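All chains should be built: construct the whole structure from the sequences, respecting the hints.
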Amino acid sequence: MEHILSWLVWLPIIGMVVITVIPRSQEDIIKKVAAFFTGVQLLFSILLWKNFDSANGSMQFMERAEWIPSFNISYILGVDGLSLPMVILTSLLCFIGVFVSWNITKAVKGYFALYLLLDTGLIGVFLALDFFLFYIFWEVVLLPMYFLIGMWGGPQREYAAIKFFLYTLFGSVLMLVGIIGLYFTCGKTFDILLLMETAPDALKNELWWGMSAIKVIWVLLFIGFAIKVPIFPFHTWLPLAHVEAPTAISVILAGVLLKLGVYGILRINYGLMPDAVWWFAGSLAFLGLINVIWGGLCALAQTDLKKLVAYSSINHMGYALLGMAAVIAAGSINGGDLKAAQAGLSGAVFQMFNHGTISAMLFILVGVIYDRAHHRDIEGFGGLANQMPIYAGITALAFFAGLGLPGLSGFISEFMCLIGAFPVFKAIVIASTIGILLNAAYFLWAFQRIFFGELNEKYSDLPEINRLELFTLIPLAVITLFFGIYPRPYLDLIKATMDVIIENVVFVANFASM
Amino acid sequence: MNNIFINYSLFILFLPLVAFVVLIFTGKRLPRQGDWVAVSAVLFTLVLSSAMFVAMLLDYNPDFSQQSGFTWMDLGAFKIEFGILVDNITIIMLLVVALISSCSHIFSLKYMEGDIRYSRYYAYLGLFTFSMNGIVLANNLISMYMSWELVGLSSYLLIAHWFEKDSAADAGKKAFLTNRVGDIGFFIGIMLIYSSIGSFLFSDVFAGVAAGKITGITLTLAGIGIFLGAMGKSSQFPLHIWLPDAMEGPTPVSALMHAATMVAAGVYMTIRLFPLFTPDALLVIAYVGGFTAIFAASIAITQNDIKKVLAYSTVSQLGYMILAVGTGVYTAAFFHLVTHAMFKANLFYGSGSVIHAMHHALHEKHDHETDPQDMRNMGGLKAKMPITYWSMLVSTLAIAGVPLFSGFLSKDAILAGTLAFAQHQPEHFLLPVFGFGAAAMTAFYMFRLIFMTFHGEHQMPELINDIHESPKEMTGPLVLLASLSVFVFYTLPNFNPISDHGWFTDLVVPRTAVVPGSMTAHEIADYAHHAHGLAMSLSIAVIVLGIALSVLIYFKKVFSAETWASKLGFLYDWSLNKFYFDENYNRFLYQPFLNLSKKVAWLDWEIYDRYFINGFAWVIEWYSRVTGKFDYDGIDQGLVDGIGRIVGATGHNLRKIQTGRLQNYLLYVVAGIIVMIIVQAF
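The listed protein sequences derive, respectively, from chains A and B.
Going letter by letter, the first sequence gives residues 82 to 595 in the working numbering.
Going letter by letter, the second sequence gives residues 112 to 793 in the working numbering.
A couple of the hints might just be wrong.
[Claimed, not checked] According to the in silico footprint, chain A covers these stretches of chain B (three or more CB under 8 Å from chain A):
(1) 171-185
(2) 287-301
(3) 305-316
(4) 672-682
(5) 701-714
Rather than coming from a laboratory, the hints here were simulated on the basis of the structure.
A quick note: this is a predicted structure, and the numbers were derived from the prediction, not measured.
Just so you know, even glycine gets a beta-carbon here, dropped at the ideal spot from N, CA and C.
Written as structure tokens, this is what we have:
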């Protein structure tokens, strides 16, 4: 257990190195190597979970080493209740993604090498506790993603890749400026835990161009993260990138990449600038509302199934934003409503995980039908329920999970987000309940058009979902169902850390500077 | 005996769920496609709930109540306790659900024989029963809300059972979405209550309301929000539109849905949560219920589809129950819920039996054009289908409110309560007008149904020889439920046919609302008691009027229905077309909404993304060209030109949709680090 976090981060890189020495023609071996390394990584993350002390809300399994002493840059890794579920989710989806990619035929070696590099970047972001290291991993995610979309994607892949790249690069640059700003105002350190202690006081009375430095840095970092979430109006890279990416990459994009944004806001913005949370929570809730409504309305209008699922992600992440905003309910100005803060924040962190599993299922399901029918036009199917009953059944489960049906995990996190945000943001939450209807409308309507009615004659020989595809879907379906019925294991895992975050926002904030 | 009720309840709750799971995964491989799994599970729940019912009667304790639960979610301060609550209302409702569900399961053995998704059908029936029992047994708002939505899911699956037909798929979707509109209100109500009281448990909520933690307009709004949920499930105006369409589902499902498992949920919930409604919220409830009762009845009188008549009749009867809750006589509401469950289920099975026979006869003649549900194609079936006829007649007498039958007692209790309410608050005189008006119409359209279907000459004489009485699996439930429409089952140990006094009124005692300033249960009961005599005379008068009119038009044919229809002109037209609700919703709600979504998507993709976001790239490209030129001979040539080239190249790439170049990016990162170093130097 000594260096388990490093193992988690670097295992895929070892896999990548192994793949680079395998001859190009040995495609089967390359796939198996990728499966092996992601599989071992998954086992490691389960091991980590087993050894994790959930009663302790602070960082565990810390690793610390000098890296670039002249800039005070260190190699620091650590895991807490916020990052652990994300690590498990990432390793699970990366493992499943290998099997989703099993039928890739184009440049298999390059694909899986980049895929494993992506894996390292993602896990690294969740575990890094040095801001510089964090930024490096953040950028490491970008590179393989760019190639994976740009080379293995759909017809518009190059446009989609460059757009994704520029969009997120724009965010990264702002983030970099924010990081540098923090570095110089808070004692020239990149250590996130140290910054959590020093930043609130160091930034307290700092004014930049007549504006509070806290606000400036918050906004810079926030935009960087908001692009990943994505938060309206920084969302238009997402539908395009999702639609053009190959199935497994869509799974990673929706399942993990979007979580980087929310994670970043909670880890960095909430951790380092608790004062600004108070200033920004209202806007955050409002942006959440817009995400819910705008994403829902756009999803309703789509005719491309994959684009519908992509817009549904925007809609779903809106609930997480609402839940995050609820943290301020615990402040004494808002009556010290700790219940609401806990419900909202835990709901948001739960929603990250649930959206990860549910949207992964949705994208795999879209991939299944696309592989068979070679199109994704919702109007172009019809009556598939009798032709592919098992596929229809799992799609029904995923769609109902997406529309927040009780008994499936999405419901619990959405309702926690809403109920948590309600005491402070009554009007916003009431307006966002329209989303409950919108979700149901676009999913049920799509389901009807694809599966109900008379069978489209063109598809009377469409084969049923196969074993490999089922193998990728069943774990996700089981998780969705299990947490829908009994969410306690997840919530017990995160609750100590959630309390630490709430406490930080409520008690470390000194308000003087705002 | 302490935990027996709880344990039995748990079995009753989960057995149908087990049947659902077994059938979903193994249904097709089991002998007879596993129908026996579902049937035996539900019959077992019937045995258990009967046992509980008997124990309740032996105990005869009006205050009986037991709870048991566990912590489902615990975040420290934020906690959710799940549990079940068993009291007399629960026990009676469990029996009703088990009984009707059993009847539907048995009836379906023949009715659904040979269906392409036979095992699925039985699986969904199990899910439906489970979800409904979840609502019945809930002791907190969250698990009630969860079961509530699962009822919505089950109804969606069952209504859309024959999804090859677009109309069935549409009806399923419509049911789910209309219910979700109501559920939003329910959810907002829950949030309002939770944010004031901090608990989801009914007992805590009532205590919190009584202690004044939530008062005034907030509590009224919370009550109305919660009631909105009931309006969706119990199909109250203006959310009534889904229920008639739900007839697209198989008839035994209609029976189950209309009697015990879905529409009953809304009424049950308002009864369960009755103590927290403020007088203002109750007034809203009363008006919605009263208006729904008369509104739906006025549609039922002109429908020609036998199931549509029954559907609107259900909407109308639910309006009665809601009206009763609103006027405070919730024992009467629950009483009517129970009696109505019996005779309405029976009427649906009866109509199913008729449709089954018509369908069979049409099939023999290879006629697939004629609608087997249209009453204009029926007539004279009495001789051919005596069991169906007599059982339906008994239920019709009950629903019309004729003395000696159960419906008379329950409807009378509601009308007395409403009349008493108006006597003490004369400004609400409309409520009894709604009530008595609907009673007259009910008597009229139900006898119209009987006469058109069973009396006179058959309208398609070539069919009559192929029409037969239905098999035992179908007539059995008919006879059973028809006999349960006799008053005596509800008034034992008393035999007085004009008084509802008996075990039911003894064991389901009204509770006083916990909202400070509400009328006490005693006052309400007292007022209702005084209005009883007048209400009974009036109701018998309007019922006689309704039946007489029906006899004159449809039996004796003294007046012609056609002439009357043309005389009424647009009124008849409106009623026949259900006041054009579907058309107007479509025109003023759905289409504008869909158009809005299309506009938003267009704005998002074609305008915002294409011009604004891509415009950035364009502007930066232009800017970088300008600066590139400007600084070409500049001092810091390398740096500025470098940035310009990166931005220029990437912008260029975006515009021309070419492959991106990674070196640009790397250059940028390098530039960033240079900036960092420069900044540090200062």
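Evaluation of the provided hints:
1. Here the region 171-185 of chain B counts 3 residues with a CB under 8 Å from a CB of chain A, which clears the bar of 3, and the coverage holds.
2. Given a C-beta distance limit of less than 8 Å, the hint that chain A covers the region 287-301 of chain B holds, as 9 residues qualify and 3 suffice.
3. Check result for the region 305-316 of chain B against chain A: holds, 3 residues qualifying (beta carbon to beta carbon below 8 Å, three or more required).
4. Requiring three or more residues with a Cβ within less than 8 Å of a Cβ of chain A, the coverage given for the region 672-682 of chain B is violated, as only 0 such residues are present.
5. For the region 701-714 of chain B, the assignment as covered by chain A holds, since 7 residues bring a beta-carbon within under 8 Å of that chain's beta-carbons and 3 suffice.
Hint check: a violation occurs at hint 4 only; the rest are consistent with the structure.
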